[in-house]
Amino acid sequence: MKRISLELGGGGKTMRDFIAGLIVPAFKNPILSGLLDAGHLPSGFAFTTDGYVVDPIFFPGGDIGKLAINGTVNDLVVSGAVPLYLSLGLILEEGLEWTALERIIRSLKTAAERARVRIVTGDTKVVKQGQADKIFIHTSGIGRIVATPSPGLIGPGDAIILTGTLGEHSVAILTARGDFGLESRVKSDCAPLNFLIPFWKSGVLWMRDITRGGLATILSELAEQIPYSILVDEDRIPMSNPVRAATELLGIDPLYLACEGRAVLVVPERKARAVLSRIKKDPLGRKAALIGRIEQRIGRPGELLLRTSAGGLRRLEPLTSELLPRIC
Amino acid sequence: MAAANEFRRKKVIDALIAAIRKKKKALPSPCRVMEVCGTHTMTIHKYGLQPMLSEAGIDMVSGPGCPVCITPGEVHEAAIRLVTERENVILATFGDMTRIPTRRGSLQSIAPARGSEVRIVYSPDETLELARRHEDKEIVFFGVGFETTIPSIALTARSAGKEKLPNFSILSALWVIPPPLRAILESGEVRISGFLYPGHVSAIIGQEPYEFIAREFGYPGVIAGFEPGDILLGILSLLDQIREKKPIVANEYRRVVRPEGNPVARKIMEEILEPKDACWRGLGVIPRSGLRLRTGFAAYDAELKHDLRIDARESDLPGCRCGAVLRGLLSPPQCPLFGKKCTPESPHGPCMVSFEGACFVHHKYGGPRS
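For the record, the sequence lines run as chains L and Z. Under numbering that gives the first Met the number 0, think of the first position of the first sequence as 0, with each following residue one higher. Under numbering that gives the first Met the number 0, think of the first position of the second sequence as 0, with each following residue one higher.
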């Protein structure tokens, strides 16, 4: 009997096949078929939704509340919308400590203020002990559309810009869980990406926040949509030393790790430098880097390629197995 | 870490490739190197070395160095029978093992009997903890590995003995590396110019067990580490041996591998385990190539304890060419199923499951399609 595996929720190929095979055909409509992080409604608004099941609920650099605001806010930002209003759905496990809930509510409030969104509606359910794990949160968000991502305009030479270091959120969760007996001082990069909104007006063609599946999966999905290949230079990908060391030790590829406050942008060649230097002026973009280009002469159309630190060239495939369940 | 990074810098790699190209040019015959170890296969492809080597005139061919892959279907099927036919069994094993497809499905896809389940563990110690915590269940550790992991698996039997754990046993898929190399050479099927020997296995067994390859068969070989630079240095050593017509067992991984290996780890293995003739996927029965628990530890041998009859007939799934891949006869992309009916999400054979499997590595880290 076919059953649901953790892999389905991993953000990789299995999840994409599930969405394309079961979800899109069932609810077929032009808004959903766009498969953006937020659906663009005819009224000039964008609408998105996201569930949060992170384990543990408190981790270095954040908690499930902060994550539930920023994750939904970021989906709106990268879809070309200014985030405005959010809903808040709480699923609580009987027996959850009251103080933990209070702490999460405070965190939701702070994060909403920072991201300049208002929580305008909500719902609370409680389930018996063991039927959920402490707290699950669901938020939906509405934003005002300021731009339409246009992968169709991407051309050879266009620059791939990454807004910061990779992998902090995943390594923070991993070490907070005590998995593999590893300790680190790495803090989650969980943050709202509102600072990227003005860049839609500077000619940015496409944006995605780097969540489940990581940089490699997100860029290979982009590569499949365009008639060119994408070449990423491994040596240019910013990464902190603790993340580098932890992933090396565990044999995990950082190119597949989820972040919660990083995005990847495609910018026309002639505007790339100016955009990069302005991104770097924001505290959240200090480590931003130009990590690759759209290529016409290397590889086949639709391929994502990596120039390795050793100087070799290979394909980067989308994530195919579940790396870290309940990362967000 | 700093030292390791030196071994993957472009400048270093370029210089090594240039040296390999020059030395290869001076040789008359083609050069095919078998990397015995799956981790070597991974480095070669992950860092994109394959196209660089091929352009320099070196063909790489993967060997039987993935323990999950060479464990034959009937052993996986025995594990499946155990957990589907017996109640209250916890079958504990490493993640890769649960996804190996067999005629009966995989450990992940089957429905266990009442009270039974399959548990993924990350270290052998966890299986003992399971036995302590679940006194009402029978814990079977489906342990797989080469010399690198065998000592830690063997130690669980000793600990279980000391603690007198009545509900613990090991279903062993434990393999030693030198005998299949002899089998490959004796079959004469594969054209090889020399071997890259596995670094971690050699850290345990040392240099001596490979000597017969140089002495009896006249093939050069080198123990190599796992950084891109390590592998290229190893190939340089092979080219020197070929040019000088002096095949030896060279050691280019001296920062980790001592000539005598690790006698302490070997003593543990010898105390607890003994060699047996064993069937390898693709290679058939090879004398003294597997290990089983010695008589003193027979109480912890799952095969005896649970009366598992492992039927040594070939049991590959129809169409699966993993056997030929493991013998070095077929490069993964040459398999008709590769990337079509057989992918990492829905593997048709073990070489597409394991992170060290040749098919998985070729699929995940392939070069640009020309």
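Just so you know, the hints here were simulated from the structure itself, not pulled from any lab data. Any given hint could turn out to be false.
Claimed, not checked - Calculated lysine-lysine pairs in the PhoX-like style (CA-CA distance at most 25 angstroms, straight line):
hint	chain 1	residue 1	chain 2	residue 2
1	L	K286	Z	K9
2	L	K200	L	K124
3	Z	K9	Z	K45
4	L	K1	Z	K9
5	Z	K9	Z	K22
6	L	K186	L	K200
7	L	K186	L	K280
8	Z	K339	L	K1
9	Z	K9	Z	K136
Now the hints, each set against the structure:
A threshold of 25 angstroms between alpha carbons decides the hint, and for K286 of chain L with K9 of chain Z the separation of about 23 angstroms falls inside it, so the pair holds. The straight-line distance between the Cα atoms of K200 of chain L and K124 of chain L is roughly 41 angstroms, outside the 25 angstroms bound, and the hint therefore fails. For the hint pairing K9 of chain Z with K45 of chain Z, the CA-to-CA distance comes to about 14 angstroms; that is within 25 angstroms, so the pair holds. Pair hint K1 of chain L plus K9 of chain Z does not hold up; C-alpha atoms about 46 angstroms apart against a cutoff of 25 angstroms.
Straight-line distance between C-alpha atoms of K9 of chain Z and K22 of chain Z comes to about 20 angstroms, which keeps the hinted pair within the 25 angstroms bound. Taking the CA atoms of K186 of chain L and K200 of chain L, the gap is near 32 angstroms; set against the 25 angstroms cutoff, the hint is violated. Our distance criterion of 25 angstroms between C-alpha atoms is met by K186 of chain L and K280 of chain L, whose separation comes to about 21 angstroms. At most 25 angstroms may separate the alpha-carbon atoms for a hinted pair to count; K339 of chain Z and K1 of chain L meet this at roughly 20 angstroms.
Restraint check: the Cα-Cα separation between K9 of chain Z and K136 of chain Z comes to about 54 angstroms, which exceeds 25 angstroms; the hinted pair is violated.
Hint violations for this structure: numbers 2, 4, 6 and 9, all remaining hints satisfied.
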